[in-house]
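Student: Could you put together the complete structure from these sequences and hints?
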Amino acid sequence: MQHLLNPPQREAIHYLDGPLLVLAGAGSGKTRVITQKIAYLINQAGYKGTQIAAITFTNKAAREMQERVTPLLEGKSGKGLTVTTFHSLGLQILRQEAALLGYKPQFSILDASDSFKILSDILATTDKQLLRKTQWQISSWKNAFVSPDQAKALADEEMAHAAARVYQLYQQTLRAYQAVDFDDLIKVPVELFDQHSEMLEKWQRKLHYLLIDEYQDTNACQYKLIKQLTGLRGQFTAVGDDDQAIYGWRGADVENLRQLTTDFSKLKVIKLEQNYRSTVRILRAANQVIANNPKLFEKKLWSELGTGELLHVTATQSEEHEAETVVMKLQAHKFEHRTTYKDYAILYRSNHQARIIEKFLRNHKIPYTISGGSSFFDKAEIKDIISYLRLVANEDDDPAFIRAATTPKKGIGNTTLERLGEYASAHKMSLFAAAFEGGFQHDIGAKQLEDLLTFCRYIQTLQGRAVKDPANEVLNDLLTAIQYETYLYDGEEARAAETRWGNVIEFVSWLSKKGEGSTEYGNESEGKNLLELTQMVSLITMLEGREDSEPDAVKLSTLHASKGLEYGHVFLIGCEEGILPHTNSIDADQIEEERRLMYVGITRAQKSLNITWCKKRKRAGEMQACEPSRFIAELPKDDVKHFGNPFNGPDQVLSKDYGKSKMANIKAMLASKPT
DNA sequence: ATTCCGGCTCCAAGG
DNA sequence: GAGCCGGAAT
Numbered sequence: 246m247q248h249l250l251n252p253p254q255r256e257a258i259h260y261l262d263g264p265l266l267v268l269a270g271a272g273s274g275k276t277r278v279i280t281q282k283i284a285y286l287i288n289q290a291g292y293k294g295t296q297i298a299a300i301t302f303t304n305k306a307a308r309e310m311q312e313r314v315t316p317l318l319e320g321k322s323g324k325g326l327t328v329t330t331f332h333s334l335g336l337q338i339l340r341q342e343a344a345l346l347g348y349k350p351q352f353s354i355l356d357a358s359d360s361f362k363i364l365s366d367i368l369a370t371t372d373k374q375l376l377r378k379t380q381w382q383i384s385s386w387k388n389a390f391v392s393p394d395q396a397k398a399l400a401d402e403e404m405a406h407a408a409a410r411v412y413q414l415y416q417q418t419l420r421a422y423q424a425v426d427f428d429d430l431i432k433v434p435v436e437l438f439d440q441h442s443e444m445l446e447k448w449q450r451k452l453h454y455l456l457i458d459e460y461q462d463t464n465a466c467q468y469k470l471i472k473q474l475t476g477l478r479g480q481f482t483a484v485g486d487d488d489q490a491i492y493g494w495r496g497a498d499v500e501n502l503r504q505l506t507t508d509f510s511k512l513k514v515i516k517l518e519q520n521y522r523s524t525v526r527i528l529r530a531a532n533q534v535i536a537n538n539p540k541l542f543e544k545k546l547w548s549e550l551g552t553g554e555l556l557h558v559t560a561t562q563s564e565e566h567e568a569e570t571v572v573m574k575l576q577a578h579k580f581e582h583r584t585t586y587k588d589y590a591i592l593y594r595s596n597h598q599a600r601i602i603e604k605f606l607r608n609h610k611i612p613y614t615i616s617g618g619s620s621f622f623d624k625a626e627i628k629d630i631i632s633y634l635r636l637v638a639n640e641d642d643d644p645a646f647i648r649a650a651t652t653p654k655k656g657i658g659n660t661t662l663e664r665l666g667e668y669a670s671a672h673k674m675s676l677f678a679a680a681f682e683g684g685f686q687h688d689i690g691a692k693q694l695e696d697l698l699t700f701c702r703y704i705q706t707l708q709g710r711a712v713k714d715p716a717n718e719v720l721n722d723l724l725t726a727i728q729y730e731t732y733l734y735d736g737e738e739a740r741a742a743e744t745r746w747g748n749v750i751e752f753v754s755w756l757s758k759k760g761e762g763s764t765e766y767g768n769e770s771e772g773k774n775l776l777e778l779t780q781m782v783s784l785i786t787m788l789e790g791r792e793d794s795e796p797d798a799v800k801l802s803t804l805h806a807s808k809g810l811e812y813g814h815v816f817l818i819g820c821e822e823g824i825l826p827h828t829n830s831i832d833a834d835q836i837e838e839e840r841r842l843m844y845v846g847i848t849r850a851q852k853s854l855n856i857t858w859c860k861k862r863k864r865a866g867e868m869q870a871c872e873p874s875r876f877i878a879e880l881p882k883d884d885v886k887h888f889g890n891p892f893n894g895p896d897q898v899l900s901k902d903y904g905k906s907k908m909a910n911i912k913a914m915l916a917s918k919p920t
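The first sequence begins at 246 in our numbering and counts up one residue at a time.
Hints are computed from structural coordinates only; laboratory data are not their basis. None of the values given here were measured: they were computed from a predicted structure.
With a straight-line cut-off of 25 angstroms between C-alpha atoms, the simulated DMTMM-like cross-links for lysine to aspartate or glutamate are:
hint : residue 1 : residue 2
1    : 544       : 262
2    : 654       : 696
3    : 472       : 500
4    : 544       : 879
5    : 713       : 761
6    : 654       : 356
7    : 349       : 629
8    : 773       : 342
9    : 587       : 564
10   : 579       : 564
11   : 882       : 543
12   : 472       : 498
13   : 654       : 751
14   : 655       : 730
15   : 305       : 626
16   : 624       : 735
17   : 544       : 884
18   : 545       : 811
19   : 852       : 797
20   : 540       : 518
21   : 451       : 312
22   : 692       : 667
Restraint ranges, calculated between C-beta atoms of paired labels, are given here:
hint : residue 1 : residue 2 : range
23   : 442       : 883       : 57 to 65 angstroms
24   : 414       : 620       : 27 to 35 angstroms
25   : 867       : 890       : 20 to 28 angstroms
26   : 369       : 692       : 28 to 36 angstroms
27   : 385       : 879       : 29 to 37 angstroms
28   : 681       : 717       : 26 to 34 angstroms
29   : 450       : 514       : 27 to 35 angstroms
30   : 717       : 867       : 45 to 53 angstroms
31   : 357       : 761       : 24 to 32 angstroms
32   : 730       : 781       : 21 to 29 angstroms
33   : 694       : 450       : 48 to 56 angstroms
34   : 581       : 869       : 31 to 39 angstroms
35   : 347       : 406       : 24 to 32 angstroms
36   : 289       : 414       : 49 to 57 angstroms
Note that beta-carbon positions come from the ideal geometry of N, C-alpha and C, so glycine has one too.
Tutor: Structure representation (structure tokens):
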């Protein structure tokens, strides 16, 4: 994609007279504009690296940006450049000003499942739906910058009032744990800046220029942070595309794009409409689908990359048949076009759709990598280890205490924990502190107390070592001390245990490397001890940078996680009413965002696009008939070729070894004629 | 009575 | 994939 910069790109890079909004269509070279602009600021416009912050939403985007900008920088002036995610920036601010906010520097960062458990305790229920709803409600309040008191005042019905009360208790609990959740990482700094203008001025003096990626995904809180940081100077570049706004569900508001034009009267708007990624047919499809959405800014992508292949839309009998079709088509296409596996991506609306595809890929020995979905850091074995680290860093972190104290089993059971919990809450102290209280100690048996104290004292020795010994040494000793490997092999069959232990090893070596601080840019992780690494770990969801040379593997990804990426050949599966658009979105009248998801999916493809849907799908235990997605009907007829009988083709009988037949199916596939 | 196991069901999206 | 359930095994 190396071309000369086109005029709007050049203009976007050189424009420094005030706030700038770059409306960058899919594949229009947006990352290039941001990285080149950073280089321009530093190499030509006299900015220092330390004065510039580029903000992204994902760690991956931040890493890619850092990697692409580093070679462009000349000399030392680029040193100290901040390329970071919103959450990581929030953490940085929070950590520096922790004392002022009444937090210890090593406060914990809770993940969604920790929050879920806390809410479950507060509400004294296991009703998942209610808990999810409450969690969502609280998160929405936070993203909209609404405090518990304000939530109570605003609550017009009893339900909302109850939720606001839970919100308050939840915040009190987090306080007691010396913990924040993901939403707080943005919200608390904004509050801090609201209340302490001198702190805000300090940060404004530090950061002279902001660049914000994926601006359409900002929520009210994030926008407020940007406004605070840019202040009166108003020197920033926001890059976004209203057609790719797909994070409304976590509080992002496309309106923020329009808001910019009203909040900054001098806002300059530049559109990037030339696409350097896809064929004309793919772009025409994308344009025509998205044309069904109301427009915030008029924009039409065009390409000079030739007409290209027809899009394929295939109706399949079932999920199994769909998976098989995709695998067969992929194999045939790869063979025919002499491509490699990494030229292909299979995209879907929800994570669970990947499972069946994985199964078929495995059966056919096709290598694949999967992104999005349940992440490395969500694995039980990783969370186990992290719970020790969290507890060592912050002994007030009760959720970490409970997990570490009970995993692996070490004689600390429910009764002990309950007594400890009672005492701790009665005396308003942490579980850890309560364990050392005489008042509590004669409440339980001698053996139990002995085991509990052994555990707590061990944590204390780790606290001492964590600040002075190398991270990998401490970690390895920890694993030995708690006999984690034995625990894994006792609990599971050898193969599963082996995988889990492998994950642990990988985690430890990854973390150790971070601790050495040998990263080439000398950024965040330099020379950090184990405690400082712990907070950073909480913000990371994927293990990155393991392989420098990407393996030759098919990419599996959710549509959300695919944003910003491109692939030669894309399979977009499960294009049915109820899947894409998702049922919940149909019910909530949020078709436009689903359409943008479809748009994102289409525009990932460079050369070919395969869309599939199932005529029948197993749902709630039984096979149900499905309708093709309304978005399929929105594709331009002349650019699409249909396969499979979309109406009432004969139901295929699925034999037991359905996924295992190989050549026969390839042949059948190749022979199949378009209807 | 307690634990163990296999099958069944559950799925919106991410930092 | 993981949590949950019912039935089997201890």
